[in-house]
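There are 2 protein chains.
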Amino acid sequence: MKHKIGILGFGTVGQGISEILLDKKEYLKKKYGFKFDIVAVADFIFGNVYNPKGLNIPQLLKEAKAGKKFTQDVVDWDNKKIIQKSNTTVWCELTYTDLNTGGPAIDHVKTALKSGKHVITSNKGPAALFYPEMKKLADKNNIKFMIEGTVVAGTPVINLTEGPLAGCEISKIRGILNGTTNYMLTEMEKGMSYEDVLKVAQEKGYAEADPTGDVEGYDARGKVTILANIVMGAGIKIADVACKGITGIKPKDIETAKKQNKRWKLIGSVEKKAGKITASVGPEMIDLGHPLAGVMGAINALTFTTDLLGDVTIVGPGAGKIETGFAILTDLLAIHRNS
Amino acid sequence: MKHKIGILGFGTVGQGISEILLDKKEYLKKKYGFKFDIVAVADFIFGNVYNPKGLNIPQLLKEAKAGKKFTQDVVDWDNKKIIQKSNTTVWCELTYTDLNTGGPAIDHVKTALKSGKHVITSNKGPAALFYPEMKKLADKNNIKFMIEGTVVAGTPVINLTEGPLAGCEISKIRGILNGTTNYMLTEMEKGMSYEDVLKVAQEKGYAEADPTGDVEGYDARGKVTILANIVMGAGIKIADVACKGITGIKPKDIETAKKQNKRWKLIGSVEKKAGKITASVGPEMIDLGHPLAGVMGAINALTFTTDLLGDVTIVGPGAGKIETGFAILTDLLAIHRNS
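Those protein sequence lines, which keep their order, are chains A and B. The numbering used here puts the last residue of the first sequence at 339; the count rises by one with no breaks. The numbering used here puts the last residue of the second sequence at 339; the count rises by one with no breaks.
Hints should not be assumed to be uniformly reliable.
The list treats identical chains as one, so a pair stands whether inside a single copy or across any two.
[What the hints assert, rightly or not] Straight line, CA to CA, 30 Å or less: simulated BS3-like cross-link-like pairs of lysine-lysine:
1) Lys29 with Lys237
2) Lys4 with Lys136
3) Lys144 with Lys276
4) Lys321 with Lys135
5) Lys273 with Lys30
6) Lys62 with Lys85
Hints listed in this document are in silico derivations from the structure and should not be mistaken for laboratory results. Nothing here was measured: the structure is a model prediction, and the numbers come from that model.
With the hints as constraints, model all of the structure from the sequences given.
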């Protein structure tokens, strides 16, 4: 079969997955038998376009990059109608995240699943707030709700736990879930002060002008919540996760760790003990012999503690245009393998 | 559907997967909807037994552990007949490895696949010598030939590259594929001589009385060959892989590495350059900032260099009764997801 792809939100990630699909079209067909058309794109700035035989993606990319509205195959259908009425078989929900209400992404997801169309999303809103309901709705309609792109997109942890690690019971997850703070801690160990390192991180584009989300641990806390709920079925809310950032770490703390053959890392953790699941984010001194201690710079890593294998650790990049695009692609291929 | 499992070879791994399946029966049913009976076991010491409604596994385990022949449900069918005539839907080929001919495992695999029954194996023979032919035969019959257990069984690398990393082109694999030598190098760094550390490794059961297979790199070479052929389609033979072990590493080499902020590791690597794939095994000094450098003791790790994600590293245990049993289970669940 030929997959008929729809994309909601043609920002960084929407453009990223489009570029990857264009680049890899022949490779994906040859290696996986994966054939597709991108038939619908809906974006609240660029407009809604639809062509059941496939859109002219290079043209759309050119227009979007120039900040212009789409000019070909324009339809006056709203998002609900384009999801329902198009010949799409799978929707990629890549609009902006609202962690309070999940909207408008959650409406898109629901409409698509109710129409019997697979949904792939990198949007933390529907994943953090409504995963169980959406998964149930997808199961009921015998389709998929895939969310690899919502957590450390460049390191495929959700699909790892659901596929290659299937059969293992996971009792604990500990991870470096925020590349920015890991970069900062790495540089601080080389002798820079927190203030200087933050300035460099901002210059390099790792940290935002307002770095609060990273340095206070809030970004890691959102990811921990999703992991706890999806991988371990915790049913917790963001507010349930104790959270401390790296702003209090001083050069003398770095020295203390060194002397003990340890290294500071901002660790997000989820743990099941006596049937109860707790989650937290905070700086910890990690023994240099542990795989997480060797993870340096702006990368991510997670250690899963399992019943059959003990610890299994995966290390890779975090989110970014290409990395999140990859996460969408890997979910598309998972749907393809099951179809 | 209920999977009807047959087991060829009731040694360590055959008993391991049977114990895991017994322990997890309810969990697997509840979490994955995975229901099964073990209906056939064929072992050249304990005998061949078959019951289409399910064997008494605790009884078989008890007899095998006592070194006694099976007494219940005994049939006078040979292996070929039990594979073909039983109501099995999937066979686990867990007999001893012959890396020269692949026999008798390869005959079991062929017979099962030709009979339209899935095959899962931890046997390096069929995987290293006949993977492309067996994969083709399985594809033709719309069934699966699964081999997670053949390489670093406790770290699910084959299913990782085929599932969560699908869509990435892998240009390089570098890994610590032999836990024994990694343990030895870890201890040598603490100040022990090669000879002393070998003695301890033998006492702990990590190294064999004749340690050649580990310390000369031959074990890692077999794994590198399978990875090169399966993950990268190299079509190479064991003899094509350049191989050097750790026997030449002296305390002064360890010191040299330390001074350069590096650490010795026995690295198996496969690399694609200008369309040509080369593979090798040898000791290398790894920068302490690299995830492979932090892998200490008797564990394994692999770094995949990909086009979309750069480096992704996975760290976990090697082979063992439970670990290899896990690899069989994860393949069973993959078959279940696709069924």
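Each hint tested on the structure:
no., hint, verdict
1, Lys29 with Lys237, "between (41 Å within a copy, 28 Å between copies)"
2, Lys4 with Lys136, "both (23 Å within a copy, 29 Å between copies)"
3, Lys144 with Lys276, "within (29 Å within a copy, 38 Å between copies)"
4, Lys321 with Lys135, "within (26 Å within a copy, 35 Å between copies)"
5, Lys273 with Lys30, "between (47 Å within a copy, 21 Å between copies)"
6, Lys62 with Lys85, "within (26 Å within a copy, 62 Å between copies)"
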